[in-house]
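K.L.:
Sequence:
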Amino acid sequence: MLTRTVAPAFAAAASAAVTGSLLWAPAVSAQTPGPSPSTSVPTQDSSAEAETGGVRILKKDPGGDLMAGAAFTLLDTTGEVAGKGATDARGLLAFDDLAPGVYRLKETSSGSPLHTTVPDRDVVITPGITIPLTVVDPFKPATVLLKTTDDKTGRLLAGSTVNIGSGTTTLLTLTTKANATATATLPVNSRTGETFWVRQTKAPAGYDLYKPSRTFTAGPGAPVTVTVTNTKTSTGASPAPDPSDTPAPGKPDGNESSTPSSSGSRPGSDTTSPVTDNPESSSTSPVPGADGALAHTGANTTPWLAAGGALLLATGTVAVIAARRRRKANAGDSPTEG
Numbered sequence: 001m002l003t004r005t006v007a008p009a010f011a012a013a014a015s016a017a018v019t020g021s022l023l024w025a026p027a028v029s030a031q032t033p034g035p036s037p038s039t040s041v042p043t044q045d046s047s048a049e050a051e052t053g054g055v056r057i058l059k060k061d062p063g064g065d066l067m068a069g070a071a072f073t074l075l076d077t078t079g080e081v082a083g084k085g086a087t088d089a090r091g092l093l094a095f096d097d098l099a100p101g102v103y104r105l106k107e108t109s110s111g112s113p114l115h116t117t118v119p120d121r122d123v124v125i126t127p128g129i130t131i132p133l134t135v136v137d138p139f140k141p142a143t144v145l146l147k148t149t150d151d152k153t154g155r156l157l158a159g160s161t162v163n164i165g166s167g168t169t170t171l172l173t174l175t176t177k178a179n180a181t182a183t184a185t186l187p188v189n190s191r192t193g194e195t196f197w198v199r200q201t202k203a204p205a206g207y208d209l210y211k212p213s214r215t216f217t218a219g220p221g222a223p224v225t226v227t228v229t230n231t232k233t234s235t236g237a238s239p240a241p242d243p244s245d246t247p248a249p250g251k252p253d254g255n256e257s258s259t260p261s262s263s264g265s266r267p268g269s270d271t272t273s274p275v276t277d278n279p280e281s282s283s284t285s286p287v288p289g290a291d292g293a294l295a296h297t298g299a300n301t302t303p304w305l306a307a308g309g310a311l312l313l314a315t316g317t318v319a320v321i322a323a324r325r326r327r328k329a330n331a332g333d334s335p336t337e338g
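For the sequence shown, counting from 1, position 302 maps to 302 in this note's numbering; every step adds exactly one.
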């Protein structure tokens with residue numbers, strides 16, 4: 001028989017709540033019989049002792065709030081319904097006058113859009129004992145949808161792995177699949193929701209890792225979308241050349257200066273003045289057109305200048321010798337004065 005009458009002392013005997021589970025309180029002992037009555041007073045027949053038991057449920061949520069409207073069904077060993085009902089405004093529900101044995105207690109509804117039910121469990125009914133039982137319904141988990149996108153185009157990216165957690169604890173690890181998304185449930189322990197962090201541990205191929213840690217809030221039973229954006233990895237293109245390193249026109253080597261030094265040129269470089277090793281030729285001006293071509297400038301003109309100087313010197317010497325010979329000849333041909 002199902003009744004919703006609750007003994008006044010029940011709440012004090014209820015055990016501490018454990019989230020998402022049913023917790024047994026210490027069994028209530030049968031009352032100890034009093035002193036034997038006088039033989040002149042009729043005694044109560046011991047056969048009148050109760051042979052049934054019961055269970056009384058106190059329903060709470062993780063925050064300790066009492067929950068009304070939570071529905072339960074009690075099944076016997078044959079699967080038949082031995083009782084059913086819902087908690088009242090004080091979160092209480094009683095099943096009394098139960099035959100001793102093992103029963104299966106099922107919570108069919110939490111009575112709240114924010115809470116989920118607890119798993120089924122067995123209840124052992126003992127004659128003469130009413131068992132206090134506290135049921136704590138956890139909050140419904142949030143549903144997380146993970147997306148990873150290209151920060152420029154918004155295109156969804158596969159192969160992104162993130163950790164989601166609270167405080168110092170990692171609660172979820174998600175990786176976007178071929179459809180570039182991932183979903184999971186996230187436990188929530190507050191009626192008003194909780195704040196969680198998300199950190200990317202592996203970026204999609206061809207993208208840089210998103211290093212900052214982001215936060216988001218999820219409420220019980222609510223869907224939430226978490227989006228991480230990634231930037232494409234640099235292609236490694238060479239930086240623009242420094243204008244100061246650009247070789248001047250006609251310079252094969254960029255290390256050469258584009259402006260000649262005012263104090264002279266480096267060894268092996270072209271110069272604007274001819275250089276010669278012959279001291280005599282240094283004071284002799286070359287004769288333009290002597291070889292039918294323009295005189296060369298630079299270090300490669302030295303042999304030509306030396307040869308020209310030698311030729312001029314030889315020509316001058318021959319001219320001097322010829323002049324002397326002519327003077328001697330003229331002197332020998334002059335008439336002798338009488």
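Source of the hints: derived by calculation from the structure; they are not laboratory data.
Just so we're clear, the structure is a prediction, and the values are computed from it rather than from any experiment.
Backbone N, C-alpha and C fix where the C-beta goes; we use that ideal spot for every residue, glycine too.
There's no promise every hint is true.
What the hints assert, rightly or not - Between beta-carbon pairs, the in silico distance windows are:
1. Thr116 with Thr170: 40 to 46 angstroms
2. Ala99 with Thr201: 31 to 37 angstroms
3. Thr73 with Thr170: 35 to 41 angstroms
Stated by the list, open to error - With a straight-line cut-off of 30 angstroms between C-alpha atoms, the simulated DSBU-like cross-links for lysine-lysine are:
4. Lys147 with Lys106
5. Lys177 with Lys152
6. Lys152 with Lys202
7. Lys106 with Lys177
8. Lys84 with Lys152
9. Lys60 with Lys106
10. Lys147 with Lys232
11. Lys147 with Lys177
12. Lys60 with Lys152
13. Lys106 with Lys152
14. Lys140 with Lys177
15. Lys84 with Lys106
16. Lys211 with Lys232
17. Lys84 with Lys147
18. Lys202 with Lys232
19. Lys202 with Lys147
K.L.:
Against each hint, give a clear statement of whether it holds in the structure.
P.N.:
Evaluated hints:
1. Thr116 with Thr170: 40 to 46 angstroms: 23 angstroms, violated
2. Ala99 with Thr201: 31 to 37 angstroms: Violated: the Cβ-Cβ distance is about 57 angstroms, outside 31 to 37 angstroms.
3. Thr73 with Thr170: 35 to 41 angstroms: Given range 35 to 41 angstroms: holds, Cβ gap about 38 angstroms.
4. Lys147 with Lys106: Violated: Lys147 and Lys106 sit about 38 angstroms apart, past 30 angstroms.
5. Lys177 with Lys152: 21 angstroms, holds
6. Lys152 with Lys202: Satisfied, since the Cα-Cα distance of roughly 19 angstroms is no more than 30 angstroms.
7. Lys106 with Lys177: 37 angstroms, violated
8. Lys84 with Lys152: Measuring from Cα to Cα gives roughly 59 angstroms; hence the hint is violated.
9. Lys60 with Lys106: 16 angstroms, holds
10. Lys147 with Lys232: Holds, because 16 angstroms separates the two Cα atoms, which is no more than 30 angstroms.
11. Lys147 with Lys177: 10 angstroms, holds
12. Lys60 with Lys152: 49 angstroms, violated
13. Lys106 with Lys152: Violated, at roughly 52 angstroms.
14. Lys140 with Lys177: Holds - the C-alpha atoms of Lys177 and Lys140 are around 26 angstroms apart, at most 30 angstroms.
15. Lys84 with Lys106: 9 angstroms, holds
16. Lys211 with Lys232: 14 angstroms, holds
17. Lys84 with Lys147: Cα-Cα ~44 angstroms, so violated.
18. Lys202 with Lys232: Holds, at about 14 angstroms.
19. Lys202 with Lys147: 14 angstroms, holds
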